[in-house]
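Visitor: Residue numbers (the numbering used here), protein chains in the order written: chain A, 173 to 491; chain B, 50 to 373.
The set of hints was computed from the structure by calculation and includes no laboratory data. Just so we're clear, the structure is a prediction, and the values are computed from it rather than from any experiment. Treat the hints with caution; some may be incorrect.
[To be verified] Within a straight-line C-alpha distance of at most 25 angstroms, the following computed DMTMM-like cross-link-like pairs (lysine to aspartate or glutamate) qualify:
1. LYS413(A) x ASP213(A)
2. LYS413(A) x ASP366(B)
3. LYS413(A) x GLU311(A)
4. LYS342(A) x ASP284(A)
5. LYS413(A) x ASP219(A)
6. LYS413(A) x GLU330(B)
7. LYS413(A) x GLU208(B)
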Amino acid sequence: MRGSWRAALAAAWGRPGGRLGTLLLLGIVAAVALGPFLLPDPAAQPDILGGANLAPGAGHLFGTDQLSRDVLARVVAGGRVSLAVGGLAALLSATLGLLVGLAAGYRGGAVDAVLMRLVDAALVVPRLFLLLLLLAAWERVPLAALVVVIGATGWFATSRLVRAEVLRLKAEPFVLAAEALGAGGRRIIFRHLLPNALGPLVVAATLGVGEVILLEAGLSFLGLGIQPPTPSWGGMIYDAKDVLVTAPWGSVFPGLAIVLTVLAVHLVGDALHAALDPREAAIVAAVPAPASIPAAEPVTRLDLEAGLARMSDSREPAA
Amino acid sequence: MARWLAGRLAQGVLTFAVATVLLFCLMRATPGDPLARLAGERQIDPADVAHLRARYGLDQPLGRQFATFVTGALRGDLGVSITYGRPVTALLRERLPATLLLVGTVLLVDFTLGLWLGVRQALARGRALDATLSTLSLAGYAAPSFWIGLVLAWLVGVEWRLLPAAGMADPLLAADAPWATRALDVARHLVLPALTLVVVSLAAAMRYQRAALLEVLAQPFMQTARAKGLPARAVVWRHGWRNALFPVLTLFGLWLPLLASGSVFVEAVFAWPGLGSLAAEAVAGRDYPVIMGTSLLVTVLVVASALLVDLAYAWLDPRVRHWT
Chain A
173 MRGSWRAALA AAWGRPGGRL GTLLLLGIVA AVALGPFLLP DPAAQPDILG GANLAPGAGH
233 LFGTDQLSRD VLARVVAGGR VSLAVGGLAA LLSATLGLLV GLAAGYRGGA VDAVLMRLVD
293 AALVVPRLFL LLLLLAAWER VPLAALVVVI GATGWFATSR LVRAEVLRLK AEPFVLAAEA
353 LGAGGRRIIF RHLLPNALGP LVVAATLGVG EVILLEAGLS FLGLGIQPPT PSWGGMIYDA
413 KDVLVTAPWG SVFPGLAIVL TVLAVHLVGD ALHAALDPRE AAIVAAVPAP ASIPAAEPVT
473 RLDLEAGLAR MSDSREPAA
Chain B
50 MARWLAGRLA QGVLTFAVAT VLLFCLMRAT PGDPLARLAG ERQIDPADVA HLRARYGLDQ
110 PLGRQFATFV TGALRGDLGV SITYGRPVTA LLRERLPATL LLVGTVLLVD FTLGLWLGVR
170 QALARGRALD ATLSTLSLAG YAAPSFWIGL VLAWLVGVEW RLLPAAGMAD PLLAADAPWA
230 TRALDVARHL VLPALTLVVV SLAAAMRYQR AALLEVLAQP FMQTARAKGL PARAVVWRHG
290 WRNALFPVLT LFGLWLPLLA SGSVFVEAVF AWPGLGSLAA EAVAGRDYPV IMGTSLLVTV
350 LVVASALLVD LAYAWLDPRV RHWT
């Protein structure tokens, strides 16, 4: 298992997109980690009267905002928050999706039917609208609640992905052999199914980080996300939109930070997907094309992220 | 066929029913009382609060509240907007056409330009063109729609003064202007919001088309077509692309959630008078009935489009017909 992971990572690194994405992501993480030691205090308002909305220059590489705060320092500080929220929420989603997918796929029967009907229903409501309903109640959304709520709305497609993988693995000879040898359910799930279902999960979780960063930015833009004075990329764009014409740097730089980060995450996710999924190599191999979308389990019920992730997948067996 | 259709329809209705229960529970599960949030800092006489609670049915048990909500919704009554003081259904009906125009335009561009670019990518697989298009479109997909919208509004609308950056029509335009003038005016207002949504959604169309065509290109019949000496154009478009179009069709169903979410931000940025900006306003005003109403309408549209896609798929491709 460890060997195959190393091989997969090497294969991902070997792709130009994977390499670019990894380097970008490492750069962003390094900037976010080291920034606070090199940059001015992001909350400092040195000169509100004379130092507000200064154009990018020697003193302030990214300029200053309406309150004369250094935009670069705030972009870096906002990056810490965005990356942390993205990582934690995606981790929560992946865990929930894994547990539900394992339970539904392994237990089958009524458990599977009930869980998957619920997931189907949750998938037809766009995630943003679920979040709007959940978050609109709060006057000021606490950061921890934001992470939990975003994480709790992101696992539906993942659980389907894991379930499909479990269904496929359950019929494999090595699982049947383990069962015949008398292995218990827990052992089969954690020793045999889980390690082999991890590939698609890692890809989904990686892409999930990008999705959460975009969602969190959007929620902050609507006033439901991270609350000021905590800097966040979406909140910075929102705050600076009133001076967009006179001081565009206040919104342009946080936006660029989002684009670069999400792009990097996607490049890494794609490369991992290609490396972990032998089918990518087998895209050249003959697969009966339209039958790859079994109408009994239409792909239309998965959300777009999952759709992108399983672009060339046809693992879902017809139920 | 009738049986398959009935089964599929029942599945759609069940999904929607469960989604409705889910949405209702979410709305009620959130901490805090909608009325308390509405009252804010103001001191309200407890008697008035009780009166309001009774009026909005909040003093009823949860099951009763849900039953009232469902019977109301079935009659087309989704409650009254807190901000506007008007029926939610009327607001939705007013705002729907603008969103359909916007989303329809975006779909048209995505499914023409996007598919064409995807084909180009598949044909250039592994070469510089493929990688460049892929990274560029991914960068668009990675951008927050409201940010793209703001930057476009600033550059194209304000700096270069090429196109209007707010609203759906010029308020100074005479109401009795010829229809062609008015249509052109709406079209000019449509360009920037539509372009913003295209930028963030084009990548998905391209990637789907690319992957689907690559799969078809690897099929033996493609080799046959090439071997019998057909011109490359005929091989790619007539034999390849036609078969690679079916998987792309499923994308149509994945599309609506993406565009519905995107339109919330884009319509808010460009003051486009559609469902998206209605939802954004409702969030700002904590207008629960309207948030609930837009979510329900979007959900209906998603379920219906998934159903239509399944139907179209079975219609177009005899190989996946279940009723034969």
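Visitor: Look at each hint and say if it fits the structure.
Guide: How the hints compare with the structure:
no.: 1; hint: LYS413(A) x ASP213(A); verdict: holds, 23 angstroms
no.: 2; hint: LYS413(A) x ASP366(B); verdict: violated, 49 angstroms
no.: 3; hint: LYS413(A) x GLU311(A); verdict: holds, 22 angstroms
no.: 4; hint: LYS342(A) x ASP284(A); verdict: holds, 14 angstroms
no.: 5; hint: LYS413(A) x ASP219(A); verdict: holds, 21 angstroms
no.: 6; hint: LYS413(A) x GLU330(B); verdict: holds, 17 angstroms
no.: 7; hint: LYS413(A) x GLU208(B); verdict: holds, 15 angstroms
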